[in-house]
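Got chain A; can you put chain B on it based on the hints?
So the protein sequences, as listed, match chains A and B. Numbered by this note's numbering, the letters in the first sequence go through residues 3 to 197 in order. Numbered by this note's numbering, the letters in the second sequence go through residues 3 to 197 in order.
Simulated from the structure, these hints should not be mistaken for lab results. Worth double-checking, as some hints may not be accurate.
Given that identical chains are not distinguished, each listed pair holds provided it fits within a single copy or across any two copies.
When the alpha-carbon atoms are kept at most 30 Å apart in a straight line, the in silico DSSO-like pairs for lysine-lysine are as follows [as the list claims (entries may be wrong)]: (1) 6 <-> 175; (2) 29 <-> 115; (3) 113 <-> 29; (4) 175 <-> 29; (5) 175 <-> 66; (6) 65 <-> 113; (7) 65 <-> 115; (8) 113 <-> 6.
Number of protein chains: 2
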Amino acid sequence: MTRKGILFVISGPSGVGKGTVREALLKGRDDIQVSISASTRPPRSGEIDGVDYFFMDRDTFLKKVEEDQFLEWATVYSNLYGTPRDFVVNNLNNGCDVLLEIDIQGAMQVKQKMPEGVFIFISPPSIEALAQRLCGRGKDSQESIEERLAACEQEMQQMSQYDYVVVNDQVEKALEKVEAIIIAERCRIHNLKLR
Amino acid sequence: MTRKGILFVISGPSGVGKGTVREALLKGRDDIQVSISASTRPPRSGEIDGVDYFFMDRDTFLKKVEEDQFLEWATVYSNLYGTPRDFVVNNLNNGCDVLLEIDIQGAMQVKQKMPEGVFIFISPPSIEALAQRLCGRGKDSQESIEERLAACEQEMQQMSQYDYVVVNDQVEKALEKVEAIIIAERCRIHNLKLR
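This is chain A alone, in the form it adopts within the complex:
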């Protein structure tokens, strides 16, 4: 049984520690290919094209946008960043899993183009704590509760677009869960079909 490659998308709110989880995950393993972003930002000293980024000028980038060659793209501080579709698809077609770490907005773009990906929401522990507090107690002012509930609900709505939720209370525990998700997804019947 030769397996199809699986796209794993690690995402979550800013500051939740998804980059730390990604780095810990990749340490000492070579059975998953990190997605390499395209960027119009000039290479920094030591950065290698095709390893750190696919560096390209703005015109080339925008042409690729027109040709729908990015799974997602965004502007950050006047530079353009994107996830090249070909790099991901070629790896998947070769039976190689791909890991993409990205913010929520980017993940939702990717989901539209590759809904078959595995979308993992890294959640801060405070959302749970907040939800519990809001549900169980009445100590805060009405206004304060409503504000928090709104923020909590927005997070929960974004969560519901994902396949998995991993609470990042401790990096080791979050890592164990993401590793388990990778092992489990590789055993899923719909991922075992012949290429």
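Using the frame of chain A, we list chain B on its own:
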């Protein structure tokens, strides 16, 4: 986030070692409740009602069958065996995961009544080997190949009813995969809804 309980069904062909996987899985953990079967067989020395089995007479068993109180049942050597629905459902409603190890026929009965369960097919490594051999080579007689293909296809059809396939080439590796599936399923968004 209080979680619903999840029903994990470990199943597979006779002799595949699913009992060994179950025992290894349960060793030293108390976060999953094993399903306890009902049986009309008389208790053996040391067996405790409600721990080893729910022992009951034939009339009581058949009344429960009529009342649809079993997730599955079967006759083995003139004794009746079944999986009491209440025991499983009550544990799940209390947020406790339940593990059921059962043959393919039983698993398919359970799936009809509780399709939301997680169905794990423990596969012998020889099916893969067989499939590979049949696909890639032409050394055997036509008849032999056809017989093997038919057997292989039957297994594959049963497999396709499951959510996961775990090849039991080494118990430790199979165990690691089943443990990963349990961790991953507990992170799945549809299992995280409030009870």
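Would you pick out the hints that fail for this structure and give their numbers low to high? Number 5 - this is the single hint that the structure violates.
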